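Peer 1: Chains A and B, in that order, give the protein sequences.
Counting in our numbering, the first sequence runs from 1 upward without gaps.
Counting in our numbering, the second sequence runs from 1 upward without gaps.
Calculated directly from the structure, the hints in this document are not laboratory data.
Heads up, a few of these hints could be off.
[Stated by the list, open to error] Quick look at which bits of chain B chain A covers, simulated, 3 or more residues with Cβ under 8 Å:
1. 37–50
2. 79–92
3. 116–124
4. 342–354
Here the structure is a predicted model, which means the values were calculated and not measured.
Just so you know, even glycine gets a beta-carbon here, dropped at the ideal spot from N, CA and C.
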Amino acid sequence: MGISRRSALKVMAAATATMVGTALSTHETQAAAVVGPAPDAVGMLYDATRCVGCKACMVACNEANDVTPDTSASDGLWDMPLDLSEHAKNIIKLYRDPGTGAQSFVKRQCMHCLDPACVGACMLGALQKNEKGIVSYNPDYCVGCRYCEMGCPFNVIKFEWSRALPKMVKCELCRHRIAKGQGPACCEVCPVGAVIYGKRSDLLADAHQRLAQNPGRYVPNVYGEHEVGGTQVLYLAHVDFEKLGLPAYSDESVPTRVRTIQGTIYKGFVAPVALYGLLAAMVLRNREKPGSAKAKEGQP
Amino acid sequence: MNAQSDRQPLGGPIFTRPVQALAVFAGIAGLLIIWRFIVGLGASTALNDGYPWGLWIAFDVVTGTALSCGGYAVAMLVYILNRGKYHPLIYPALVTSAFGYTIAGLSVVIDIGRPWIAYKLPFFWHWNLHSVLLEVSLCIMTYTVVLWLELSPAFLEGARASTYSVIRRIGDIGLPVAERFLPWLVALGMLLPTMHQSALGSLLLLSGPRLHPLWNTPLLPLLFLLSCIAMGFGAVVMESELSSKFLGRKPETDMLAGLGFAMLPLLGLYLGIRLIDLGVRGQFGALFAFDLYSVMSLIELALFVMAGVLMATDRRRRDAGNLFRAAMLLVLAGALYRFDTFLVAFQPGPNWSYFPSLTEILITTGLVAGEIAGFIVLIKLFPIMEGEPQVAGAGS
Numbered sequence: 001m002g003i004s005r006r007s008a009l010k011v012m013a014a015a016t017a018t019m020v021g022t023a024l025s026t027h028e029t030q031a032a033a034v035v036g037p038a039p040d041a042v043g044m045l046y047d048a049t050r051c052v053g054c055k056a057c058m059v060a061c062n063e064a065n066d067v068t069p070d071t072s073a074s075d076g077l078w079d080m081p082l083d084l085s086e087h088a089k090n091i092i093k094l095y096r097d098p099g100t101g102a103q104s105f106v107k108r109q110c111m112h113c114l115d116p117a118c119v120g121a122c123m124l125g126a127l128q129k130n131e132k133g134i135v136s137y138n139p140d141y142c143v144g145c146r147y148c149e150m151g152c153p154f155n156v157i158k159f160e161w162s163r164a165l166p167k168m169v170k171c172e173l174c175r176h177r178i179a180k181g182q183g184p185a186c187c188e189v190c191p192v193g194a195v196i197y198g199k200r201s202d203l204l205a206d207a208h209q210r211l212a213q214n215p216g217r218y219v220p221n222v223y224g225e226h227e228v229g230g231t232q233v234l235y236l237a238h239v240d241f242e243k244l245g246l247p248a249y250s251d252e253s254v255p256t257r258v259r260t261i262q263g264t265i266y267k268g269f270v271a272p273v274a275l276y277g278l279l280a281a282m283v284l285r286n287r288e289k290p291g292s293a294k295a296k297e298g299q300p
Numbered sequence: 001m002n003a004q005s006d007r008q009p010l011g012g013p014i015f016t017r018p019v020q021a022l023a024v025f026a027g028i029a030g031l032l033i034i035w036r037f038i039v040g041l042g043a044s045t046a047l048n049d050g051y052p053w054g055l056w057i058a059f060d061v062v063t064g065t066a067l068s069c070g071g072y073a074v075a076m077l078v079y080i081l082n083r084g085k086y087h088p089l090i091y092p093a094l095v096t097s098a099f100g101y102t103i104a105g106l107s108v109v110i111d112i113g114r115p116w117i118a119y120k121l122p123f124f125w126h127w128n129l130h131s132v133l134l135e136v137s138l139c140i141m142t143y144t145v146v147l148w149l150e151l152s153p154a155f156l157e158g159a160r161a162s163t164y165s166v167i168r169r170i171g172d173i174g175l176p177v178a179e180r181f182l183p184w185l186v187a188l189g190m191l192l193p194t195m196h197q198s199a200l201g202s203l204l205l206l207s208g209p210r211l212h213p214l215w216n217t218p219l220l221p222l223l224f225l226l227s228c229i230a231m232g233f234g235a236v237v238m239e240s241e242l243s244s245k246f247l248g249r250k251p252e253t254d255m256l257a258g259l260g261f262a263m264l265p266l267l268g269l270y271l272g273i274r275l276i277d278l279g280v281r282g283q284f285g286a287l288f289a290f291d292l293y294s295v296m297s298l299i300e301l302a303l304f305v306m307a308g309v310l311m312a313t314d315r316r317r318r319d320a321g322n323l324f325r326a327a328m329l330l331v332l333a334g335a336l337y338r339f340d341t342f343l344v345a346f347q348p349g350p351n352w353s354y355f356p357s358l359t360e361i362l363i364t365t366g367l368v369a370g371e372i373a374g375f376i377v378l379i380k381l382f383p384i385m386e387g388e389p390q391v392a393g394a395g396s
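Can you make the complete structure from the sequences, with help from the hints?
Peer 2: Have a look at this one:
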C-alpha cells in the first residue's frame, strides 16, 4: 500500500488535533460545572400583592436606559407599550380573572436566570453573566442571530426590528447604576416597595419570611427559587403564577439538556476526530485508483 | 475521483430561456436583499419577537442544507459502503450540495441583524463552546468551502481545456495538487454534515420548554441526521431524473434503484425511532389527539411511510416515474419534519403568529432560482456529468 508513510504523518497530525480538542473541552467542562448562584448574586423581589400598578417603574426604566417610547397603541401621543419589546425593558401588566374577578398586577423584565438559555445560545458570548450574576449584553459580539430569543423561556430578550442597524434589548438590572452604587431604577422609584433590590440570598429569606408571616395572603411559594434552575428575580403573588405569565417550569435549567447531549457527543472532541480518522482511512482504501478504476469498482 | 474520468461538460448555449427566466427571479431577490438591508428586518419580514426565526432559517438553512445532503449521502455510499458504481452520481450531487450550502450561508447573512460582527466568528478566542448555533455556523461555513474544493478537479479539468494558455497552466499545476488532497477533503465532507445536520436538531433542544411534546425529544439530533441522509438520497434521485428528462441524458435507472434501496433502512430506522420515542415518552395520546400538532405529525409519518411503500420492491424502484414520486414524498416528509419542528412545534405563546412576508418568500424563491440556474450553467461549462452526453429519444 502506498499510503502507509504519508498517512502515518497524518495520523500524528490527527492525534495532535485530538489533544488540542481535549484541552479545549476540559476547559469547557470546568466552566460548565459552575451552576448555581454566585456568592454575591444580586436580584429583585417583586411582591404582586403590594404593587398598585402606577407604572412609575416603567418611566424610571425608560429614563435610566434611554429606551425609545412605544406610541403605536396611543396614536403617537404617549408611551404605551403592550408587552416587552425593543421599546420596553420593563412592563407592568394587569391580570383579571374572568370568573372570580380577582386581579393582580405583574411586573415583567429579565429574570436573570442562574443558568440562562440566552447565554448558552450566544455564539460569541455577547450575552454573559457578570460577577453579580446579571445577564448582560455586549453588542460588540452580537451578530443578531436571535438564537437567544429562541431559547429564552420567558420571552424576555427582544430585537430592534425597527432599525436597519439593530441590537438586542433586555433588562440588565441597571448594571450601569449598580456600578455607581445605586440600585435599579425601577426599585428605587417604586413608591410602595413592591419591587426591591438586594442580594438574592437576602431577598429569598425575605420572601420566605413574608410567606411565613402572612399565611393565606400568598400562593405559598417563591417563583424563581427553583424554576428553570432558579432565577435572580423572585416573585410573590396571590394569583397563580401561571396566570401572570410565569409558567410552571421544571427545576432543570434550560441549557442542561443540550449541554448534556452535546457534551456527551463532543466530549474532548475525541469522537469527531476519531470519526474523521476512520472516514479518511475508508476513503483512502475505497477510492478509485487511476487506471485500476472500473475493474475493482464494478462490484455491486 | 480520478482525472481519467468519463465526465464531460455538456456544452451548448448557456443563456437559454429557462436560465434567463431563473435569472429574473434571482435578480428580483437581489434587489429585495438590498431593500432588506436599507429598511431593516421589521419592515421587510414578518419575523417578530415571538417567532424570531422564520422562512429563511426553517427553509433556506434547515431544510435547504438537508436537501443538499446528496453529496454527503452518496459519498458515504461510495466510500464507506464501498459501492463504487455510484461514483458517477457524486459530482452532480456535489454541485447541488455546494449551491445549496452557499445559499444557506447567504440566507444567514441576510437573516442576521448585525452581519458586520460576523467576521469575528472564526476567531476561537471569542467562541462560546456551549453554543450549538456556533457549531452549526462554523461547520456550515467550513463545509461550504470543502464542497467547492471537492469540486475543484472538475473546474481544473475545465481549465485545462481552456483556449488561454495561462488558464491551461493553472489547470495543469492545480489538478495533481487537488487530486492529492481530495481523499482528506472527502472525509471532511462526510464528518462535517454528520456534525452540523445533527446539531440542527440539537438547536431546538434549547427551546425545549416551549416546544410541543410531539417534537420535543432528546433524540432530535439523531432524527435530524437520519432524515437528512434520506433527503439527500431523495434529492439525488430527483436531480438525476430531472437532468435526464430535461437535458436528454440517459437515465441512470440501475443506480437510482440502488439509491432507493439504500433509503429503505434509513426510513425504517427513522420511523422506528420516532415511534418508539413517542411511545416511551407517552405521547401516543397527543399523536392521535387530531389537533393541529397531531395532524401535522401524522402527515409527516404518512409521507415517510408512503415513500417507503413506493420503493418497497425492486420493480417499483426500477420504475422511473414511481421512484421519482417516492423520492419527492421522502423529500417532502423530511422538509415537513423540519418545518414543523422549527415553526409549528415552537410555541412562543398565544399572542404571537408568523407567516412569511412576500419579501421573505421572493428572496427565498430567487435564491433557489439562482441555484438551479447556477447548476445548469456549471454542468454545461465544466466536466460534472458522466456517461453518454446525448441519447436521442431517451428524454422521457
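Peer 1: Next, verify each hint and record whether it holds.
Peer 2: Hints and how they fare:
With 11 residues bearing a CB less than 8 Å from a CB of chain A, the region 37–50 of chain B meets the requirement of three and the coverage assertion stands. Coverage of a stretch by a chain is defined here by at least three residues with a beta carbon nearer than 8 Å to that chain's beta carbons; for the region 79–92 of chain B and chain A the count is 7, and the condition holds. With 4 residues bearing a CB less than 8 Å from a CB of chain A, the region 116–124 of chain B meets the requirement of three and the coverage assertion stands. Counting residues of the region 342–354 of chain B whose C-beta lies closer than 8 Å to any C-beta of chain A gives 4; at least three are required, and the coverage claim holds.
Violated hints for the displayed structure: none, as all numbered hints are satisfied.
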